[in-house]
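Student: Read off the chains here:
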Amino acid sequence: MTETSHTNSLFNVSSKTKNRNAAERRFRIYGILAISIGLLMLLVLASTIILRGTSAFQQTFITLDVDLLESKLDKKGNRNVDDIKKVSTFGYSPILLNAMKKVLEKHEISTSLKKKALGGIISKSAPSQIRDFVLEDVNRIGQTVEFKFLVNGWIDGYIKGRYSRESVANSKFASAEQFDLIDQLLEVGVVEKKFNFDFIFGADASDQRPEAAGIGVAMVGSFYLMLVVLVLSLPLGVAASIYLEEFAKQNIFTDIIEVTISNLAAVPSIVFGILGLAVFINYMHLPQSTPIVGGLVLTLMTLPTIIISTRASLKSVPPSIRDAALGLGASKMQTVFHHVLPLAAPGILTGTIIGMAQALGESAPLLLIGMIGYVATNMPTTISEGLLSPNSAMPAQIYEWAKRADPAFIERAWGGIIILLIFLLTMNTMAVILRRRFERRW
Amino acid sequence: MPFIKKLLSIASISVLSATALVARDQVHIAGSSTVLPYASIVAEAFGENFDFPTPIVEGGGSGAGRKRMCEGVGLNTIDIANSSSLMKQEQWDACQETVGKVTEVRIGYDGITFSTRLENEGFNDLTPAQIYLALSDKSTASSWADVDPALPDVAIKAFIPGTKHGTREVFEKKVMLAGCKVVGTYQKLIDEGLEKKPAEKECFKVRTDGSSVDIDGDYTETLASLDANPEGIGVFGLSFLLNNTDKIYAAKVNGVEPSTETIASGEYPVSRPLQFYVKNSHVSQVPGMKEYIEFFVSDEIAGPDGPLAEYGLVSDPELSETQALVEAIE
Numbered sequence: 000m001t002e003t004s005h006t007n008s009l010f011n012v013s014s015k016t017k018n019r020n021a022a023e024r025r026f027r028i029y030g031i032l033a034i035s036i037g038l039l040m041l042l043v044l045a046s047t048i049i050l051r052g053t054s055a056f057q058q059t060f061i062t063l064d065v066d067l068l069e070s071k072l073d074k075k076g077n078r079n080v081d082d083i084k085k086v087s088t089f090g091y092s093p094i095l096l097n098a099m100k101k102v103l104e105k106h107e108i109s110t111s112l113k114k115k116a117l118g119g120i121i122s123k124s125a126p127s128q129i130r131d132f133v134l135e136d137v138n139r140i141g142q143t144v145e146f147k148f149l150v151n152g153w154i155d156g157y158i159k160g161r162y163s164r165e166s167v168a169n170s171k172f173a174s175a176e177q178f179d180l181i182d183q184l185l186e187v188g189v190v191e192k193k194f195n196f197d198f199i200f201g202a203d204a205s206d207q208r209p210e211a212a213g214i215g216v217a218m219v220g221s222f223y224l225m226l227v228v229l230v231l232s233l234p235l236g237v238a239a240s241i242y243l244e245e246f247a248k249q250n251i252f253t254d255i256i257e258v259t260i261s262n263l264a265a266v267p268s269i270v271f272g273i274l275g276l277a278v279f280i281n282y283m284h285l286p287q288s289t290p291i292v293g294g295l296v297l298t299l300m301t302l303p304t305i306i307i308s309t310r311a312s313l314k315s316v317p318p319s320i321r322d323a324a325l326g327l328g329a330s331k332m333q334t335v336f337h338h339v340l341p342l343a344a345p346g347i348l349t350g351t352i353i354g355m356a357q358a359l360g361e362s363a364p365l366l367l368i369g370m371i372g373y374v375a376t377n378m379p380t381t382i383s384e385g386l387l388s389p390n391s392a393m394p395a396q397i398y399e400w401a402k403r404a405d406p407a408f409i410e411r412a413w414g415g416i417i418i419l420l421i422f423l424l425t426m427n428t429m430a431v432i433l434r435r436r437f438e439r440r441w
Numbered sequence: 000m001p002f003i004k005k006l007l008s009i010a011s012i013s014v015l016s017a018t019a020l021v022a023r024d025q026v027h028i029a030g031s032s033t034v035l036p037y038a039s040i041v042a043e044a045f046g047e048n049f050d051f052p053t054p055i056v057e058g059g060g061s062g063a064g065r066k067r068m069c070e071g072v073g074l075n076t077i078d079i080a081n082s083s084s085l086m087k088q089e090q091w092d093a094c095q096e097t098v099g100k101v102t103e104v105r106i107g108y109d110g111i112t113f114s115t116r117l118e119n120e121g122f123n124d125l126t127p128a129q130i131y132l133a134l135s136d137k138s139t140a141s142s143w144a145d146v147d148p149a150l151p152d153v154a155i156k157a158f159i160p161g162t163k164h165g166t167r168e169v170f171e172k173k174v175m176l177a178g179c180k181v182v183g184t185y186q187k188l189i190d191e192g193l194e195k196k197p198a199e200k201e202c203f204k205v206r207t208d209g210s211s212v213d214i215d216g217d218y219t220e221t222l223a224s225l226d227a228n229p230e231g232i233g234v235f236g237l238s239f240l241l242n243n244t245d246k247i248y249a250a251k252v253n254g255v256e257p258s259t260e261t262i263a264s265g266e267y268p269v270s271r272p273l274q275f276y277v278k279n280s281h282v283s284q285v286p287g288m289k290e291y292i293e294f295f296v297s298d299e300i301a302g303p304d305g306p307l308a309e310y311g312l313v314s315d316p317e318l319s320e321t322q323a324l325v326e327a328i329e
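Protein chains in written order, with numbering that gives the first Met the number 0: chain U, 0 to 441; chain W, 0 to 329.
Please note: incorrect hints may appear among the correct ones.
[Said to hold, decoys possible] Below, simulated DSS-like cross-link-like pairs (lysine-lysine); rule was C-alpha separation at most 25 Å, straight line: (1) W/K163 <-> U/K402; (2) W/K100 <-> W/K66; (3) W/K137 <-> W/K163; (4) W/K251 <-> W/K156; (5) W/K180 <-> W/K196; (6) U/K402 <-> W/K66; (7) U/K113 <-> U/K147; (8) U/K114 <-> U/K101; (9) W/K289 <-> U/K85; (10) U/K100 <-> U/K71; (11) W/K156 <-> U/K402; (12) W/K246 <-> U/K171; (13) U/K101 <-> U/K193; (14) U/K159 <-> W/K246; (15) U/K159 <-> U/K147; (16) W/K163 <-> W/K173; (17) W/K66 <-> W/K172; (18) W/K246 <-> U/K402; (19) W/K156 <-> W/K173; (20) U/K115 <-> U/K101; (21) W/K195 <-> W/K180; (22) U/K84 <-> W/K289; (23) U/K171 <-> U/K115; (24) W/K156 <-> W/K200; (25) W/K163 <-> W/K87; (26) U/K171 <-> W/K251; (27) U/K192 <-> U/K105.
Hints in this document: simulated from the structure, not taken from any laboratory.
One chain only, chain W, in its complex shape (with noise of 0.2 Å):
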């Protein structure tokens, strides 16, 4: 039938077409929803001040992102993942093998905060012991006030970032494990004959009574399930907490108030470096990928009068070497 050959050869040449024309002009970026801001600030910046277009940045979490970028080399992969925690060994080596080289880019830090409703007052400071304490899955408290007597007597309601962020790791290591170590909890685990990294996960183990909820989704997930529960504490990013000021308030961690300031200077505990990783192969086949990496991590943007500060990000102290880092990818 020559109608239905006509057919197929339309449709085959529209796929190849398609796929000819895969090459594609602007950067791609995923990953991390909390350096998602920084990374769309930069690219709407990038694409006002330069000839290029506008870089696509999509969120996903850090786990995916990398997962993304070290799926393998090509126009169709990604080419800069954002990422709110570490690659471990094992990733970056086996990233490595599948994609050639991959470079580190830190952007700056992320202080990580308790925050609560403003009307739930009393919660202007928690220490990790405190936290650890009411939320451990060993602990029977049902009210703050049974934790520390100086809490208000409010009952355990925590929201805490689910597993598939990279924010929790953060608060299983700055906050948990800090906790346990303090109230003794880890000695005495390690006395019992634990190795360390068993007694570790032993003192991440959040309870599961329904105290401590899980957010899978973002920070406004976490508010409104503040607005449902206003005895609620959650778990929020700086940047977010800037933005809510008028709903809630953050507690000092041992005495030291969130803020830009003090997770600089490294007195406030709970903070964690962000960081991109950059597919070299694809520096020369993406035009402007080079330039925004370049601009990204310039004084202007990234630097402590940038608009990525004035947005809630810590800037690096160490920028020049990370634009020296920048400067030597090819």
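One chain only, chain U, in its complex shape (with noise of 0.2 Å):
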């Protein structure tokens, strides 16, 4: 025997499937190492944002009886609503001072602290809370009244671990004389650290004070985008796919335009930001930094993706079946939307779903017209308000807070980042299900 018929058999394997072997092995190693890759990444960023985001979600309070003095707030004495609102938010800063004074009488605290310093305790938006609270009903005024302040942004940041005694060292906005008086306030519970609603469902917050900026006003602006780009890009993009795929005849016309809607559905957003600037504001003039100029950008953009999603989908309904139906007498028309676009409809709305996710996060189209900056701070009562007047969007409220100076903001964007990442996910988590549930095999 010769020694190529054994390595020939079944039990000797030969070198050359040795090799194959070999290779297959490695090729799977590869996979699967490429695959570890990828979820080592998507785990360092979760944790990343995780561990950096959550902390948004938490926010110091100090909770302090307010005398609503008379002698500061009604002079006169009369209860006249216009003379008390004379009465700016500066002039609330006295009886804060007097009710932080009382707490630390009252709990035997004593400090060095000046007056600044130790009214730099509270927030900011102390005094228009409590100016707020009072012109709701004058008759408040020479009651004392339990509030729930937050605590500036600094000391937050020392509660959280961001600042330390001695890296506040040069800091003229905190010193550490505040932090030990934060020590012991916390240590008699009128300081305490809480779940804060108001990141979630809150306004933009100025410069001056990051602990009251929340992403509430962001997020309905993200809505109405979304609402005016499911309205507009649907029905649109629906239609306009049925007809290139039932109706039209196939030419060169078609062609292009397929070929068209393709490039645009790679076309960058920033170049969609500026065609809307030139068209919807300065040719149309419509409003500037407003939903609906917003979101008739974003339909641009999301209109590609759904029309060849919702072609796909058409596409993949059998032949046989418009056939059957063509077959026992039913029109064109017909046929398309009793039997072809019920079975393409789950298709269509992953699609849909898919492509609003896409316009969701997007935030460079927005920098154009002007949905970025210190702009969501009105809530939208009605629904044309909430169309019409200015307001930003989720991910461009994340950059705008990621560029302020105070790294309290930096924090804010990180848990802006959870919100909308849990936006997204349920998003897609929607699209995956109906495309589950729904979808048939032929």
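Two chains, two frames, a set of hints: combine them into the complex.
Tutor: Rendered as structure tokens:
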């Protein structure tokens, strides 16, 4: 027997087969490596976001009994709303300081802090909180009311571990003495860290009070953007794809349209922003910074995605169904609307949701139409206000926060990312569920 | 087709009604990202204290803001442009031609600091001459010690604002040109027969070998660059520095420490006025615009004890003149 016949037996694997098997094993290892690198990246990303962002959902609060002194708030004593309105938020600061001193006396805490530093412990949003409360019902003047105020972002940063006594040594905004006082107040329970609903539902705040900033108004802005996108792009996209897929003749003209649509889907989103600025704002004179313009721009961006996925799902409906319907005497339109469209609906919905999720996370085009800045300040009360009054959107708000000087805003940007991701995850899960439950296979 | 007719009419009606609703009830501001924090502080306080809605403030840069304001009249253009640099005469004339009268309102001063990370010790004192020698395109120095033996032996790596920033102009004029003159290069260029303007331009040029990096983004980007290059020196506005004293410190310039006091007194050399430009014709059309402007320059807000000064704005000693100017706007 020669050696070659041995190597060809099933028991003795030849070197060629060995090589082949080894190549396959290697390929599998490559695959597993690729997946694990991907997973590792995801893990790093997710854990970074969660580690840095979760602290934004908690905020430090201070509970104070505030005397709404008549001598400060209503000097004339006639409870005239217009007179009381003349007292600006700056006029409310002394009342706050009094309340602060009172709480220190009550708990027998002594401090060397001067007036300004002592008042600086409370957020600058506190005076307007009291002022709004007083203006709601002027007869509250003279009472003593318990308030829960936010604590200044720097002090909050100390409680969250962002600052230490050493790191504020050169700071103009916070001092180690303030931290000493806060430690004592924490002990007696006047100051506490709690879940902060205002971060989720509140409005943006200026650079001086990061502790008061919330993503709520921007979230509503995003909602209106999505409303415009849905209302415009779904009917337009579906109508266009049904016509192209079912009615139009295949000729050069439709080929060009097809190529154009695929190209549009790949156009960078900033281009749509420039287009939106030129057409909707400069030419059509729609108001700047509003969700309606943002929605129109994002519609342009989402349309190609919806058309492509709708056409794909229309294509996947087998021709036999159309033939059967036509054979039974249905018109072309009846065939499409009674048979093809219902069968393609899950695919269309999936495509729409994915397109909208993409639009939800988009910030570049919004930059050009003025939705980034200190914009998300007024919560819209009606639908027309929601569409036509200036607002921001979640990704735009996150970008804006990440730019600001105070590091407390960076924490909020991470927190905003968590909320945005929750929305995106929900939408994408919905798309997967819809596809799984309703998709038919032939 | 009746269906299509209906659809078209609905579409046209909705577009028309949207255009009819353009009338807006809040002030719209855009421009300098240096002024943005101050404007947002004022806008917020304005919204709290007046019955008008909170004005909206966008960033985008001084140049972009002025351009948007000068684009034309009409409620879909902005009312006020924040600016960290002064409008040039040609632009001022062209702008007035398109939009009518424009008012320049100075709100205070801003200092520009040269800062580095706390662990990068030794940069306590710099002069424009040293910075010019280190960053000029004629420089071949690789370490700060090459420039001046008194400085630490640390590789030169500077992060300066990009050309679209108003801050760059100040950096060029008050640091590079000043340094250029002290060193004598400017005189040499003049002696070689150059006109004033080209000679200045020559002095503005920064080296392109990677020792000086233009930052087109915001100060947060400069700060991130310092994180990656701890030996680097960055250019920051005073208020940004005040917010990040746990990470960076500023060098004195010509022996003067940057602070609101030294800038107000004029001792600190690298400072500039901050202002906003008001489109006068909008004042009567946008509710709350005049009130906002007056509120901005009131003692309560822009004065030395106001919230703006607290945040890092150097308040204007001639604020009362500005108040009178604003009062006269119609």
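Student: Are the Cα positions of W/K156 and W/K173 separated by 25 Å at most?
Tutor: Holds: W/K156 and W/K173 sit about 20 Å apart, inside 25 Å.
Student: W/K163 and U/K402: Cα distance at most 25 Å?
Tutor: holds (17 Å)
Student: Given the hint that U/K159 pairs with U/K147, test it: the Cα-Cα distance must not exceed 25 Å.
Tutor: Since the Cα atoms of U/K159 and U/K147 sit roughly 19 Å apart, the hinted pair holds (cutoff 25 Å).
Student: Straight-line Cα separation of W/K66 and W/K172 no greater than 25 Å?
Tutor: Holds - the C-alpha atoms of W/K172 and W/K66 are around 23 Å apart, at most 25 Å.
Student: Within 25 Å, alpha carbon to alpha carbon, are U/K100 and U/K71?
Tutor: Holds - the C-alpha atoms of U/K71 and U/K100 are around 17 Å apart, at most 25 Å.
Student: Take the C-alpha atoms of U/K192 and U/K105, compute the straight-line distance between them, and say whether it is at most 25 Å.
Tutor: holds (21 Å)
Student: Mind checking the alpha carbons of U/K113 and U/K147 for me, to see if they're no more than 25 Å apart?
Tutor: holds (23 Å)
Student: For the pair we were handed, W/K246 and U/K402, check the Cα-Cα distance against 25 Å.
Tutor: holds (17 Å)
Student: Mind checking the alpha carbons of U/K402 and W/K66 for me, to see if they're no more than 25 Å apart?
Tutor: holds (22 Å)
Student: For the pair supplied as a hint, W/K163 and W/K173, confirm whether the alpha-carbon distance does not exceed 25 Å.
Tutor: Cα-Cα ~17 Å, so holds.
Student: Assess, step by step, whether the Cα of W/K289 is no farther than 25 Å from the Cα of U/K85, and give holds or violated.
Tutor: Distance of about 17 Å is within 25 Å: holds.
Student: Tell me if the straight-line CA distance from W/K156 to U/K402 falls inside 25 Å.
Tutor: holds (23 Å)
Hint violations for this structure: none, all hints satisfied.
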